[in-house]
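Student: Chain by chain, the residues:
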Amino acid sequence: MIEQIDLTMVNWARATFALTAMYHWIFVPLTLGLSFICAFFESIYVKTGDEQWKKLTRFWMTLFGINFAIGVATGIILEFEFGTNWSNYSWMVGDIFGVPLAIEGLLAFFLEATFFAVMFFGWNRVSKGAHLFSTWMVAIGSNLSAVWILVANGWMQYPVGMKFNPDLARFEMVDFLAIATSPVAISHFVHVTSAAFLYASLFVVAVSSWYLLKKRHLQFAKRSLTVACTFGLLASLFVAFTGDEHAFHAADVQPMKLAAMEGLYQGEAPTGLVAVGLMNFSKKPGDDQDPFIFEVKIPMALSLLANRDIDSFVPGIDDLVYGNPEKNIMGVEEKMVRGKLAVAGLGEYKAAKKTGDDLAAGKALTLFEKNSDYLGYGYLDYAEQAVPYVPLIFYSFRVMVSLGTFFIFLFLVYLYFLYKDQLEKQALLLKLGAFSFFLGLIAHEAGWIVTEVGRQPWAIQDLLPVSVARSNLDAGTVEVTFFMFLILFTALLIAELKIMTKQISIGPEGD
Amino acid sequence: MFGSLDWSTLQQLWWLIATLVGSLFVFLTFVQGGQTLLLTLSLSEDEKVLVVNSLGRKWELTFTTLVMFGGALFAAFPLFYATSFGGAYWVWILILFTFIIQAVSYEYRRKPDNFLGKGVYDAFLFINGSVGILLIGAAVGTFFTGSNFTLNDYNLVFWDHPLRGLEAAFSFFNLSFGLFLVFLARTLGALYLANNLGHETLVAKLKNSSFNNLLCALPFLLYVLIRLVMMDGYAVNPVDGTVAMEANKYLHNLLQMPLNLILLLVGLVLVVLGVALNRFTASVRGIWPSGLGTVLTCLAIFFMAGYNNTAFYPSKIDLGSSLTIYNASSSHYTLTIMSYVALLVPFVLGYISWFWRQMDSKKLTLEELNADKKSY
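These protein sequences, in sequence, are chains A and B. Residue numbers for the first sequence follow the working numbering, so the first one is 1304 and each next one is one higher. Residue numbers for the second sequence follow the working numbering, so the first one is 58 and each next one is one higher.
Quick caveat, the hints were computed from the structure, so don't treat them as lab data. Take these hints with a grain of salt, some might be off.
From the structure, some residues in chain B lie toward chain A, with a derived Cβ separation under 8 Å [said to hold, decoys possible]:
no., residue
1, Met125
2, Gly128
3, Ala129
4, Ala132
5, Arg166
6, Tyr211
7, Leu223
8, Phe227
9, Phe229
10, Phe230
11, Tyr390
12, Val398
13, Leu400
14, Phe412
Facing chain A, according to a computed beta carbon distance under 7 Å, are these residues of chain B, among others [stated by the list, open to error]:
no., residue
15, Glu117
16, Lys175
17, Val177
18, Asp179
Below, simulated BS3-like cross-link-like pairs (lysine-lysine); rule was C-alpha separation at most 27 Å, straight line [what the hints assert, rightly or not]:
no., chain 1, residue 1, chain 2, residue 2
19, A, Lys1358, B, Lys262
20, A, Lys1525, B, Lys430
21, B, Lys115, A, Lys1517
22, A, Lys1805, B, Lys175
23, B, Lys419, A, Lys1357
24, B, Lys419, A, Lys1358
25, A, Lys1431, B, Lys175
26, B, Lys419, A, Lys1801
27, A, Lys1357, B, Lys431
28, B, Lys430, A, Lys1518
29, A, Lys1350, B, Lys430
30, A, Lys1525, B, Lys175
31, A, Lys1517, A, Lys1728
32, A, Lys1805, B, Lys105
Idealized CB from N, CA, C, for every residue including glycine.
Please build the complete structure, drawing on both the sequences and the hints.
Tutor: Pasting the structure below:
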């Protein structure tokens, strides 16, 4: 389809997307969770009439506002980056992908934009009830936006509800409900938003712990912690539950991603889960090396996770790349043969249509349709290209899971000492709590690395590799943009961190 | 309901909806216009604080409307989205840059320890209001002057100019279009602020400023309009979809769509009326007629570009690659789904207006801002 594939450009475009998305994600989960935490605080204020709760609400709202601004700034580029750097993608799936983005704008962004101004400047301009309503609307608006962007992302991981239109050479939507209610999209959304609530709770824990360590604003900090730790504990339990569900779906629709998460090369039944492992970096698909220098496995756990059956077979990378007839798994090489037939069929169809040869067009179309499920494989040069970079995914997954488990215990311990009213005496715990926000950030970014690096080389799973999804730009152009964003976003991040820490050190009394 | 409409009706409906969002965006660029007034109108520190805080309560709405415009075009005309963003790369990247730097500036400019300093954030606001709007104008100008791209058999875009879209800003027509939008935004900014602020001397300055800025906008507007009625346009053959140059195409569009001509004239009269109201009477409500006039004028311009068998995103170098609302659109199914979603637009506009009125029912004063430590 595209004659000259310039891998350097693709890599710069991927790097730019990774850069902008990872910067954006420093702020987004805080917006998603802190908006709800502010709404909880304000609800308590409205119910009790206690001015201390209002002060508390306004303090956290100030921090919310500082974070929100840079979240918006880093977010706008993502929507348009699909067009600028991935224009072939935008054309080929715009009929489907544009819809959740437009709905996100209409249903979510306007809620946020309208009620954000009321929330910040409406304290004396609208009634107490209308103000509380606005704060809730900001929380709901932010989270609605997450619904639609994750529906869009979920669809890229598990494309449903569409068919290919050979005349226009694009995918078209045929079932909107299938896309909006895809189980992958839903499990993606619940996992990501609950993780965002956890992250925001960690933020409140970090700031409040710092106050307790400094012996400042004690009552304020403890009140904030009670709400945030309760919210955080519920969120972290939910994260664990939805994470399991998410991996279960990956096993079904993205088995290569699951195999990479586990560093599993040779499938077996039953399969153990590597709890701790040191990867052998020189391991390549198809060779005889052991993927691990050292490993501790939990027997049968991966079979249970992937198939809900402790004796079941879980395919490894080699099974998926080279095929496993015994288990009825088609290898990438065979998929590539079929994919190339689909690509050729499409080319012949377009050529026949041009010359008006309906008979040839019909034959070519049949050839295409017979093989179109493997279309994306037709653009691969060799089978191993279908394997993502395993060590990065393996370790990122473990970082995410172990931190997620740690947070459950952290919230439990905090709640215990809050209940006993002994928290301010636990200096070590408070230091750990203050630091945990950064661990939360690492867990989030690691989660996205698993999701996004884990599905390489696909922009759309099995159908469109990133090398075809890109725009026709030269590498230098995208490289320049990469550094422009790097410099700008870093400068804005420094500004945000300085402003945020200054406001925290001023504290709620500065209100 | 929408499913029974034929595809071309849906395509026309979606050109209306998408361009309505675009036209509302142009009205809301009173925020950007106001940002440039900060530096060019000699204002005291107190006056600046008032201006920034008034605009700071609306900037996000403008920003969101721009994002919505992009989203609506992506969903309804994905080939335009892919062609323009992927092709005219630099012009869009620069426009986006000016909006990225705007998004943090209100919140950060007066906060202690803000790293870059207040002056830089104010400069960001100025760049967004001037360069950002100028480039948007230049990009929209290419709806009439055309761009340098070809599409291959698979509808993938190849851009044939090293400046990748920035070349648009070097056409006198596009540049005039951009400058018209910049001065229109400043006019609207002055009108909006005059209505929103409770500060006598500042309001008097703003009432003058809206008039002066309209005078600056007029030559560019006249040039754009005269060129529009005189220039050759990109006409689509309704039978086979081929595109050919037609002398005075846009004049023909106005004459063949008399309602559009009326829309344009009423729009322009309303813009002038609003400014005159503020300049020559005691009223400060000129923003409303001028705002409505802006929306109607923009709609008329977008309709000239897209309706009546016209290619709205033409290619100068390969007429066959030109985009029309028919060949660039989403499928019938997708447009149907989106039409149902669009039923929510009145609801969204409703709550925005209701809360806008709630928030703006009292004039913004220095006393209020001084009492609120959270002000920008």
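Student: Hint numbers the structure violates, sorted upward?
Tutor: Failing hints, ascending: 5, 7, 8, 9, 10, 13, 16, 17, 18, 19, 21, 25, 26, 30.
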